[in-house]
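**Q** Chain by chain, the residues run as shown.
There are 2 protein chains.
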Amino acid sequence: MSVTVVGSIAFDAVKTPFGERERMLGGSAVHFSLAAGFFGDVRVVGPVGDDFGDAEYAVLHEHGVNTDDIERVPGGRTFFWAGEYEYDLNTARTLDTQLNVFGDFAPKLSDASRAADTLFLANIQPDLQREVREQCGGVQIAALDSMNFWIESTRDSLLKTIAGVDMVLMNDAELRMLTEEPNLVKAAAAVRAIGPRVVIAKQGEYGAALFTEDGFFALPAYPLETVRDPTGAGDSFAGGLMGYLDSQGGNADDATLRRAMAYGSTLASFWVEEFGCERAERLTRDEIDERYEQFKRMTAIESVPAT
Amino acid sequence: MSVTVVGSIAFDAVKTPFGERERMLGGSAVHFSLAAGFFGDVRVVGPVGDDFGDAEYAVLHEHGVNTDDIERVPGGRTFFWAGEYEYDLNTARTLDTQLNVFGDFAPKLSDASRAADTLFLANIQPDLQREVREQCGGVQIAALDSMNFWIESTRDSLLKTIAGVDMVLMNDAELRMLTEEPNLVKAAAAVRAIGPRVVIAKQGEYGAALFTEDGFFALPAYPLETVRDPTGAGDSFAGGLMGYLDSQGGNADDATLRRAMAYGSTLASFWVEEFGCERAERLTRDEIDERYEQFKRMTAIESVPAT
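Line by line, the protein sequences give chains A and B. Going by our numbering, the residue at position 95 of the first sequence is 95; the numbering climbs one at a time, nothing skipped. Going by our numbering, the residue at position 247 of the second sequence is 247; the numbering climbs one at a time, nothing skipped.
In case anyone wonders, no lab produced these hints; they're calculated from the structure. Fair warning: there could be bad hints in the mix.
Copies of the same chain look alike in the list, so a pair counts if it works inside one copy or between any two.
Within a straight-line C-alpha distance of at most 25 Å, the following computed BS3-like cross-link-like pairs (lysine-lysine) qualify [stated by the list, open to error]:
id	residue 1	residue 2
1	K160	K108
2	K296	K186
3	K186	K160
4	K186	K15
None of the values given here were measured: they were computed from a predicted structure.
Based on the provided sequences and hints, a complete structural model is requested.
**A** Okay, here's the thing in structure tokens:
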């Protein structure tokens with residue numbers, strides 16, 4: 001089994017109340033692939049410039065991420081984002097966006113990437129997402145993320161793209177915006193009516209909720225006393241979730257999806273403890289499994305006694 | 001075992017995108033006591049005016065709520081609140097507040113109310129909460145709710161009152177405001193450092209989180225396609241929670257607290273399906289237990305298989 005992810009590869013400048021970094025490895029496809037890499041083979045597809053060097057490749061390679069489909073554009077510069085988080089860490093204020101090579105990105109997938117069992121279309125232009133989806137005819141599970149920008153500017157294309165995937169992972173506010181439905185249960189049902197069998201609403205510090213034909217499931221976020229930088233939380237959540245699903249042989253019944261969400265939340269909890277991918281770089285699968293078990297105990301309701 | 005609740009008894013005018021009511025039974029002590037009444041004996045303490053009539057008493061009596069300590073002020077009028085909820089139902093806009101008899105409220109507890117095992121100090125002036133707490137020396141569990149208004153205007157008194165109770169149930173935003181700590185885990189720890197053994201953060205549509213010495217627990221809200229009026233959600237949550245705890249003989253270990261939270265969330269989910277107490281008025285314990293069981297299944301993460 002293997003996962004292919006298509007999305008942004010970036011350098012980020014981030015400032016939070018707990019510190020700042022001027023230039024660190026980032027981008028949705030990077031966060032996703034590092035997280036998914038703990039569960040199996042991952043191939044990352046995205047463009048970089050000349051400034052993307054051996055040190056950056058090394059981080060990906062050390063986590064078993066295959067970088068053959070990273071397209072290096074000669075003379076180009078890598079996507080750059082600068083943002084700042086306020087006191088409560090809930091919303092990022094964008095200070096600078098330089099699309100650079102990402103502005104002309106046309107995904108080119110190798111045969112190996114097209115042959116993946118699991119496909120994740122990170123938050124990019126929905127026409128590109130759909131092209132990639134069409135190139136990967138044999139995937140068992142295809143999932144996508146998107147955001148307010150695409151809902152506003154390319155709504156029809158996004159709806160067409162959503163119709164062609166099995167799972168949608170989006171922020172709850174964006175699911176509401178997309179469907180113009182303030183009730184999340186109805187919003188998820190409206191997205192499922194377009195085609196996807198599974199809708200997962202990311203809820204930031206409140207966790208995530210799962211909607212399928214069989215019903216509803218929700219998980220809080222893993223409680224942390226120290227959150228230093230929320231950048232990459234959503235993408236590492238998606239990476240842990242999709243990586244775990246892929247490791248289960250494409251089984252995506254509700255029980256497997258629930259465990260996958262708990263793994264996703266576990267990965268995201270490590271991510272936000274430090275800046276960018278810094279915590280991820282020295283994370284181990286044992287640490288992940290240990291926190292997963294803790295997390296499961298934290299969310300269990302014991303049976304009511306007979307009294 | 002029995003529960004005493006002290007708080008507001010009111011008439012509410014409420015408008016939501018799903019309808020409106022010009023004058024319906026409300027107030028935190030009413031919502032709380034109707035919810036707690038499904039689990040055992042409840043006594044409600046609060047003031048009303050001449051306009052509080054047989055019909056209103058009847059709703060309470062039909063749910064087994066003892067109204068002996070409702071103080072009827074001759075010539076007075078009952079507390080009145082008018083509010084409107086916007087499209088997303090998250091925040092109420094207050095249109096009118098008439099304190100009426102509630103403005104001069106000085107709680108007078110009968111011996112029977114003072115002898116309760118479980119005490120809930122609903123959201124009223126913290127000096128009054130503390131006076132009541134001191135009158136009820138023998139309670140096994142005393143809990144309180146509060147709000148931004150008291151944090152801003154009577155902060156020192158509120159902190160003193162919190163020091164004297166076992167449990168605090170407040171909105172997460174208000175716990176953050178009270179402790180000036182944006183991280184909820186730290187905010188809960190700061191409240192526990194003042195005295196209470198248990199802190200429960202109400203998180204509206206996202207559910208609720210529990211903080212004790214032993215750790216953390218969180219529950220999503222029960223998912224509903226139709227929420228018509230969120231008025232009373234927090235108080236019915238508290239009522240279900242405290243009522244269940246009282247029914248367990250004052251046992252408030254973590255397992256019992258988790259079940260109590262699930263009962264609280266279950267009660268709140270019925271409450272918001274209709275206006276005010278309307279759904280509550282014909283609710284049965286069987287319906288509560290059925291939804292509680294459903295809810296438990298909705299939040300269970302199955303064990304990871306051996307693979």
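**Q** Determine for every hint whether it applies to the structure shown.
**A** Structure-based check of all given hints:
1. K160 - K108: within (21 Å within a copy, 65 Å between copies)
2. K296 - K186: between (28 Å within a copy, 21 Å between copies)
3. K186 - K160: within (20 Å within a copy, 44 Å between copies)
4. K186 - K15: between (36 Å within a copy, 21 Å between copies)
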